[in-house]
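Asker: One line per chain: the protein sequences are D and G, in this order.
Residue numbering for the first sequence is 481 to 591, as defined by this note's numbering.
Residue numbering for the second sequence is 78 to 190, as defined by this note's numbering.
Errors might be hidden in some of the hints.
[As the list claims (entries may be wrong)] DEER-style ranges, computed between Cβ atoms:
(1) D/Q482 x G/Q159: 31 to 39 Å
(2) G/E121 x D/I493: 24 to 32 Å
(3) D/I547 x G/G91: 47 to 55 Å
(4) D/S557 x G/E144: 39 to 47 Å
(5) D/A558 x G/Q159: 41 to 49 Å
[Stated by the list, open to error] As a list, the in silico DSSO-like pairs of lysine-lysine whose alpha-carbon atoms are at most 27 Å apart:
(6) G/K99 x G/K129
(7) G/K113 x G/K129
(8) G/K118 x D/K550
(9) D/K531 x D/K550
(10) D/K550 x G/K117
(11) G/K117 x G/K129
(12) G/K117 x G/K96
(13) G/K113 x D/K550
(14) G/K118 x G/K96
[Stated by the list, open to error] Taking beta-carbon pairs under 8 Å as the criterion, some of the chain D residues facing chain G (in silico):
(15) L513
(16) L525
(17) A528
(18) A532
(19) F581
(20) T583
Calculated directly from the structure, the hints in this document are not laboratory data.
Each residue gets a CB set at the ideal place from its N, CA and C atoms; glycine is no exception.
This is what each chain is made of:
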Amino acid sequence: GQQLNQSPQSMFIQEGEDVSMNCTSSSIFNTWLWYKQDPGEGPVLLIALYKAGELTSNGRLTAQFGITRKDSFLNISASIPSDVGIYFCAGRTNTGNQFYFGTGTSLTVIP
Amino acid sequence: ETGVTQTPRHLVMGMTNKKSLKCEQHLGHNAMYWYKQSAKKPLELMFVYNFKEQTENNSVPSRFSPECPNSSHLFLHLHTLQPEDSALYLCASRLAGMAGELFFGEGSRLTVL
Chain D
481 GQQLNQSPQS
491 MFIQEGEDVS
501 MNCTSSSIFN
511 TWLWYKQDPG
521 EGPVLLIALY
531 KAGELTSNGR
541 LTAQFGITRK
551 DSFLNISASI
561 PSDVGIYFCA
571 GRTNTGNQFY
581 FGTGTSLTVI
591 P
Chain G
78 ETGVTQTPRH
88 LVMGMTNKKS
98 LKCEQHLGHN
108 AMYWYKQSAK
118 KPLELMFVYN
128 FKEQTENNSV
138 PSRFSPECPN
148 SSHLFLHLHT
158 LQPEDSALYL
168 CASRLAGMAG
178 ELFFGEGSRL
188 TVL
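Can you make the complete structure from the sequences, with help from the hints?
Answerer: Set out below in structure tokens:
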């Protein structure tokens with residue numbers, strides 16, 4: 481199946497720092513989604529992107545749909561302890577119902 | 078509260094048991110999904126239902142049997158599972174179409190002894 485490469489795999493940062501993570505695919509996507517998952521819970525949708533070049537914010541989170549349509553980026557500004565969790569990207573092509581997921585970025589925020 | 082409810086949240090079963098996982102969505106969506114999440118692996122798509130019709134079966138073993146009686150309910154029937162089937166099983170739903178974000182339930186943590 482489709483592989484999404486998500487990096488970095490894990491990050492340890494100080495509270496207040498900014499965070500960047502990204503996803504790349506070998507195929508062109510027309511939808512990119514970013515999720516956060518806390519331990520023992522399901523993924524929660526953070527941001528949805530539908531258009532190449534689109535930049536969308538949700539509070540301190542900003543995500544971009546890459547111009548090539550094969551990548552996406554998520555930035556978190558001024559991190560706080562509750563940002564701890566695993567962040568997943570997901571992409572969908574123009575056809576079908578299937579979403580492909582990255583392997584996740586584990587974020588630890590040190591107070 | 079995402080509008081997608083999964084029960085039970087935790088399930089322990091022996092390899093000879095038969096059990097079922099249930100998912101219900103209150104979002105008016107028409108497509109429902111089962112995903113399997115194992116440690117250190119990306120989410121694995123198992124099944125997709127679109128308007129109650131199965132549109133994807135990702136080579137899932139027959140010991141997993143899905144059922145979608147209507148657009149709001151999805152079941153995963155389990156029988157003669159193996160210990161390697163222990164995982165978090167996630168249900169998701171969306172409004173099928175060009176847009177339509179995927180919303181997940183909280184998951185059912187399955188342990189097979």
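Asker: If a hint holds in the structure, say so; if it doesn't, say that too.
Answerer: Hints, one by one, checked against the model:
no.: 1; hint: D/Q482 x G/Q159: 31 to 39 Å; result: 26 Å, violated
no.: 2; hint: G/E121 x D/I493: 24 to 32 Å; result: 29 Å, holds
no.: 3; hint: D/I547 x G/G91: 47 to 55 Å; result: 53 Å, holds
no.: 4; hint: D/S557 x G/E144: 39 to 47 Å; result: 45 Å, holds
no.: 5; hint: D/A558 x G/Q159: 41 to 49 Å; result: 46 Å, holds
no.: 6; hint: G/K99 x G/K129; result: 15 Å, holds
no.: 7; hint: G/K113 x G/K129; result: 20 Å, holds
no.: 8; hint: G/K118 x D/K550; result: 21 Å, holds
no.: 9; hint: D/K531 x D/K550; result: 12 Å, holds
no.: 10; hint: D/K550 x G/K117; result: 23 Å, holds
no.: 11; hint: G/K117 x G/K129; result: 31 Å, violated
no.: 12; hint: G/K117 x G/K96; result: 26 Å, holds
no.: 13; hint: G/K113 x D/K550; result: 25 Å, holds
no.: 14; hint: G/K118 x G/K96; result: 25 Å, holds
no.: 15; hint: L513; result: 6 Å, holds
no.: 16; hint: L525; result: 6 Å, holds
no.: 17; hint: A528; result: 5 Å, holds
no.: 18; hint: A532; result: 14 Å, violated
no.: 19; hint: F581; result: 4 Å, holds
no.: 20; hint: T583; result: 5 Å, holds
Checked against the numbered hints given earlier, this structure breaks hints 1, 11 and 18; the rest are met.
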